[in-house]
Amino acid sequence: MVSQTLTYRATPGRFDELYDEGGGIRPAWKPVFGDVERQGEHGLAERRRLIGQLLAAEGAGHAVQDGETEPNMLPSHPWMVDPLPYMLEAVEWRALAAGVDQRVRMFEAMLGDVYGSRNLLRRGVVPTEVVYGTPRYRWPLVAASAHGVTSLGMPMTRVALYACDLARLADGTWRVVADYTDTPQGIGYAMINRSVIARVLGGELARSGAATQSGFLGAMRASFSALAAPERPTMRTVLVTPGIDDGAYVEQSYLATLLGFNLVENSDVVVRNNRAWLRTFGGLEAADTLVRWSADRAADPVAGDAKGRGGVPGLARAHLHGSVGLANALGNGIAEEAALREFHPAICSELLGEQLQLHSLAADASTDSVKLASTPISFASGLRTGTIVLRLFATQAEGKVTVMTSGIARVLRPGDSLMKPSALLAKDVWVVGDVGRAAITTTKRQRLAQVDLLASLPTRSADALYWLGRHAERAELLARSHRVVASREPTLRSFPADASDLTAHAFVGLLRRARTEMPAAPTDAAGSTADLIADELARAAAAIDDRLSNLSAEAATVREFMSGTTGRVLIRLRNYLSERAETGTVTDDDLDELLVDLAALSGMAMESTVRGPSWRFLDLGRRLERSFGVLDSIEAAVVPVVPNVAESMLAEAVLATHDSLVAYRRRYRSDVEIDAVVALLVSDDSNPRALQFQLDRMSEHLASLGWSDGTELIDRVARAIFDWSDVTIDRVTRRRASLERLVADARAALVELGTGIQVRWFSDPIAPQPLARLQALGNDSSSSVVRN
Amino acid sequence: MGTLAGRRYRVVHKTEYHYGATMSSGLTVAHLLLRETAMQHVISADINVDPLPEERHTWIDAFGNLAVQFTVASRHDHLTITAVSEAEVSAALWPSVPETVGELAEMTRSIEGDMAIDVAPFLPASPFVPAESIRLVGEDEISGALASDRPAAEAIVDLCGRIFYGFRFDSAFSDISTPLERVIDERRGVCQDFAHLAIAALRSAGLAARYVSGYLETMPPPGMVKLVGVDASHAWSSVWLGPGFGWWDFDPTNNQMPPRSHVTTAWGRDYGDVAPVRGVVLGPQIEQKMHVAVDVTRLS
Chain A
1 MVSQTLTYRA TPGRFDELYD EGGGIRPAWK PVFGDVERQG EHGLAERRRL IGQLLAAEGA
61 GHAVQDGETE PNMLPSHPWM VDPLPYMLEA VEWRALAAGV DQRVRMFEAM LGDVYGSRNL
121 LRRGVVPTEV VYGTPRYRWP LVAASAHGVT SLGMPMTRVA LYACDLARLA DGTWRVVADY
181 TDTPQGIGYA MINRSVIARV LGGELARSGA ATQSGFLGAM RASFSALAAP ERPTMRTVLV
241 TPGIDDGAYV EQSYLATLLG FNLVENSDVV VRNNRAWLRT FGGLEAADTL VRWSADRAAD
301 PVAGDAKGRG GVPGLARAHL HGSVGLANAL GNGIAEEAAL REFHPAICSE LLGEQLQLHS
361 LAADASTDSV KLASTPISFA SGLRTGTIVL RLFATQAEGK VTVMTSGIAR VLRPGDSLMK
421 PSALLAKDVW VVGDVGRAAI TTTKRQRLAQ VDLLASLPTR SADALYWLGR HAERAELLAR
481 SHRVVASREP TLRSFPADAS DLTAHAFVGL LRRARTEMPA APTDAAGSTA DLIADELARA
541 AAAIDDRLSN LSAEAATVRE FMSGTTGRVL IRLRNYLSER AETGTVTDDD LDELLVDLAA
601 LSGMAMESTV RGPSWRFLDL GRRLERSFGV LDSIEAAVVP VVPNVAESML AEAVLATHDS
661 LVAYRRRYRS DVEIDAVVAL LVSDDSNPRA LQFQLDRMSE HLASLGWSDG TELIDRVARA
721 IFDWSDVTID RVTRRRASLE RLVADARAAL VELGTGIQVR WFSDPIAPQP LARLQALGND
781 SSSSVVRN
Chain B
1 MGTLAGRRYR VVHKTEYHYG ATMSSGLTVA HLLLRETAMQ HVISADINVD PLPEERHTWI
61 DAFGNLAVQF TVASRHDHLT ITAVSEAEVS AALWPSVPET VGELAEMTRS IEGDMAIDVA
121 PFLPASPFVP AESIRLVGED EISGALASDR PAAEAIVDLC GRIFYGFRFD SAFSDISTPL
181 ERVIDERRGV CQDFAHLAIA ALRSAGLAAR YVSGYLETMP PPGMVKLVGV DASHAWSSVW
241 LGPGFGWWDF DPTNNQMPPR SHVTTAWGRD YGDVAPVRGV VLGPQIEQKM HVAVDVTRLS
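As given, the protein sequences belong to chains A and B, one line each in that order.
Reminder that position 534 of the first sequence reads as 534 in the numbering used here, one-by-one numbering, no gaps.
Reminder that position 238 of the second sequence reads as 238 in the numbering used here, one-by-one numbering, no gaps.
Read the hints as simulated data drawn from the structure, not as lab findings.
These numbers were taken from a predicted model, which means no experiment stands behind them.
Heads up, a few of these hints could be off.
Not close to chain A: a few residues of chain B, all C-beta gaps over 10 Å, as computed [said to hold, decoys possible]:
hint, residue
1, Arg7
2, Glu36
3, Leu79
4, Ala92
5, Gly166
6, Ser300
Simulated restraints, written as ranges between beta carbons of each label pair [claimed, not checked]:
hint, chain 1, residue 1, chain 2, residue 2, range
7, B, Pro127, A, Gly124, 57 to 67 Å
8, B, Met219, A, Pro135, 39 to 49 Å
9, A, Val610, B, Ser177, 28 to 38 Å
10, B, Ala21, A, Glu582, 58 to 68 Å
11, B, Asp114, A, Thr212, 26 to 36 Å
12, A, Arg413, B, Glu287, 42 to 52 Å
13, A, Arg123, B, Met219, 25 to 35 Å
C-beta: ideal position from N, C-alpha, C; glycine also.
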């Protein structure tokens, strides 16, 4: 019970968060610190383990990122949350919140001024070179005619979201470390941290009476809807991510899920007639407010000073016109400029007529140059004195600022720049006490009309869902083939040599076909058949890994379409992969477990997904892949000539590969009969594993998605089945030939279908390429008497 | 100040792109419409685009230039932008500026009010004239022309001459991505390099300088007939000579002060603000072909 936590000591002469000047524990910390003492080291270690697990389940592969660095360039790191939260007295939070509120208003006014009338520069409040001397001041957004007002005549709200980092000095006063007005990051991370901490420290959280974060989501929604141009009956907000590689992707997808908005990529958005539109499989749909995470200069590739190729072409013009609400406005980066900090007091008094409440530290402040207050941090080795930077968040709707009654405290390492904590250890922030009415009753509950997320589906999401379905189905086929062949391979030894070889060949074909390779193995098979099969099994296992990583990559881009439980299954799939990477082997048990997870995934797709186009694309992918799978197995293991002893074993293997063995036995109660097997797998429309069953489902999807050419291709497959079943099969050789034809005809039509789906819905290449620029102005001076 | 007789010009500036593949859409921003200036009256200015764009927006940018953005929203495999303009251009002899370079720099430094909008943007470094190249050019022999105790006009005449005689015109040497540092090293370049050089030198001396893009009437070599399409877009520089005189142009590529047969399109801090055509096209990866033809015809 006497744990190392008791070794924590405050430093004399330095403000300590835990102990007051008299050495007593501050009231806000008392309950939670008492709890930590009771927990002791083991309790904390257990909590840390749980937190790690839960963070991983949220896909926390990324650290809280700094706003200033290029988001795309950041490596991703997992971050950790301290089981000991950071406690903030409400009275103190209120003072900070008032300061944050003022900063939002100040930056709003300042941005309106520097992109409009520029009175701050005319009057010399800010030296012109401070603004004009940085590329963060964006000339394409300075409209000669617009004085802080859009072409539609509406005032523009520029700072819809805001974050700032604060540090408490050794004397107990607070200073601003950095302001984030361009693409403020961390709101989603704060919410992930809280959801994790609430599960681990639920009781403590409730007893402490810490303020919740939930009001902030509503305030954000209100802010986004206020940004939309007036008279938009179908007000719609979409979150726009630079892509899955972005350092803040995890929080973006988390926020999308919490807010219930689509998360789309830049290439999903097009600008037409000064408005933003979302490419959906049904055509262009209006998007009224975009919440962007692409940095200012990367947001529109045709804006004069654009950087890179990404972004949404034409966004800057549409934004200035006023028809596209943007959170945050383009050009906002200038407000983060460090050189402006010394002028904040003057700007605040000039534009707001108020005294600046929160003052800034020097831009290069580090733990070496600034003496900070101490805070208890719980490490595996015990409770230690550390320092933190506190990030607070605010959102603005029509001049009304809401500050989140929480935040993120990031732990600093010795020598860290205050702007770039390197420890990747965060604390949830608990604001305890009376936060005041303003903080709670921020927004009246708004019912915001949203376009039906189920009915409208971004093209790229449809693409991802379709491939998700295909990869999941192929992974399942591979896993089953692997199981089936591995368990039957020993039987081959009891066969006569000839029969054994031919059967082994069919097994190899089954595995190769499952990998979508040609069934014939290379002829220079040097080793024994056992070696050959072992080799193919290893390849199949590797192919499963490939499919699962593709599956999980596709899934990550469409998180908002998945239920929370689906997320958990995906975590389990990732765990399978990391275990495989560690051990390099795969056991029957591993595969059985994997098959259960894959079954859970498809079960949830059927049972927990509303029947909109998103579900249809997912299921279409699955059905198409399953159709290929049936043909693959028949081609590899039923068509080839095998000795009689092996025939029924192979047929059984195929049935097992397609999870139809039990169905077969129930129906036929006989030894395995090839024709019956093929009928069950091909033409039986009541068997959910049969080709005909897949065709029926795909027909429904294509009819609903409105693609008649696709339906015709399905009919072609159906005709191939009909032709095959119509043949009176009297001789074995004829039976094989007709099966071969069935496989060939059906596969050809299905390949065409796959290509057709790609072309019809997903093929529009959408990465903008810059137009060539003139190599050199002027031409050879010899042709003219003047040079140019 | 004396004014030279006005001349009337017709300019046809044709930019063609061939994509070699069908693109799904494209969005282009052009600085091709002539602007009205103290010395230039625009009679007509128009841009024709083929294929016909689905939408077109025109606005006045931060520097007072006319910018056009157009979107071709349907499938297309080429883009032709033809700007046809007519303007009457006059020129004025440079004023006799009483201030020295140093005094002018002091005036430039202490500007306020509207000049914070009109002049101050052209004082600091900009993307094509970065701080490092301003420092380098400031140490270069050409900036020796701008000694602070020299009469300003005389100093700028000297600067213009030092660039003209000290650098070789070489259209094969540079393109818009060639950094100014290399132009200084190799003493070669084309008009936009020389304009940027002059701007860097002036800014290093604390003067405000801007980049002017436009056209220049060229003459065929003696005894030859002028060919079609041989002209080109051109660029020169402008310097701020104090509140009394404002902005004055000079052409370091041709050592002309004032420029006499120059048609102005737009101005900005450097090339980047006024690139004639920039844009993106959406579709398969392509190798695009681009061709530009300019004709400047003197009408009177």
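Hints versus structure:
Look at Arg7(B): its CB is around 14 Å from the nearest CB on chain A, clear of 10 Å, so calling it non-interface holds up. Non-interface call for Glu36(B) relative to chain A: holds, since the shortest CB-CB distance, roughly 13 Å, exceeds 10 Å. A beta-carbon of chain A is positioned within 10 Å of the beta-carbon of Leu79(B); the least distance is around 8 Å. Chain A leaves Ala92(B) outside its interface by the beta-carbon criterion, the shortest separation being 20 Å against a cut-off of 10 Å.
With 10 Å as the threshold on Cβ separation, the claim that Gly166(B) sits away from chain A holds: the shortest Cβ distance comes to roughly 14 Å. Even its closest Cβ contact with chain A, about 20 Å, leaves Ser300(B) beyond 10 Å, as expected for a residue assigned away from the interface. Distance hint check: the CB atoms of Pro127(B) and Gly124(A) are about 26 Å apart, inconsistent with the given range 57 to 67 Å. A hinted range of 39 to 49 Å for the beta carbons of Met219(B) and Pro135(A) is consistent with their spacing of about 40 Å.
With their beta carbons about 52 Å apart, Val610(A) and Ser177(B) fall outside the hinted range of 28 to 38 Å. Between Ala21(B) and Glu582(A) the Cβ separation comes to about 46 Å, which falls outside the hinted range of 58 to 68 Å. For the pair Asp114(B) and Thr212(A), the beta carbons lie near 51 Å from each other, so the given range of 26 to 36 Å is not met. Evaluation of the 42 to 52 Å hint for Arg413(A) and Glu287(B) yields a pass: the beta carbon distance comes to about 49 Å.
A C-beta distance of roughly 50 Å is found between Arg123(A) and Met219(B), which places it outside the suggested range of 25 to 35 Å.
Hint compliance for this structure: hints 3, 7, 9, 10, 11, 13 are broken, all remaining hints hold.
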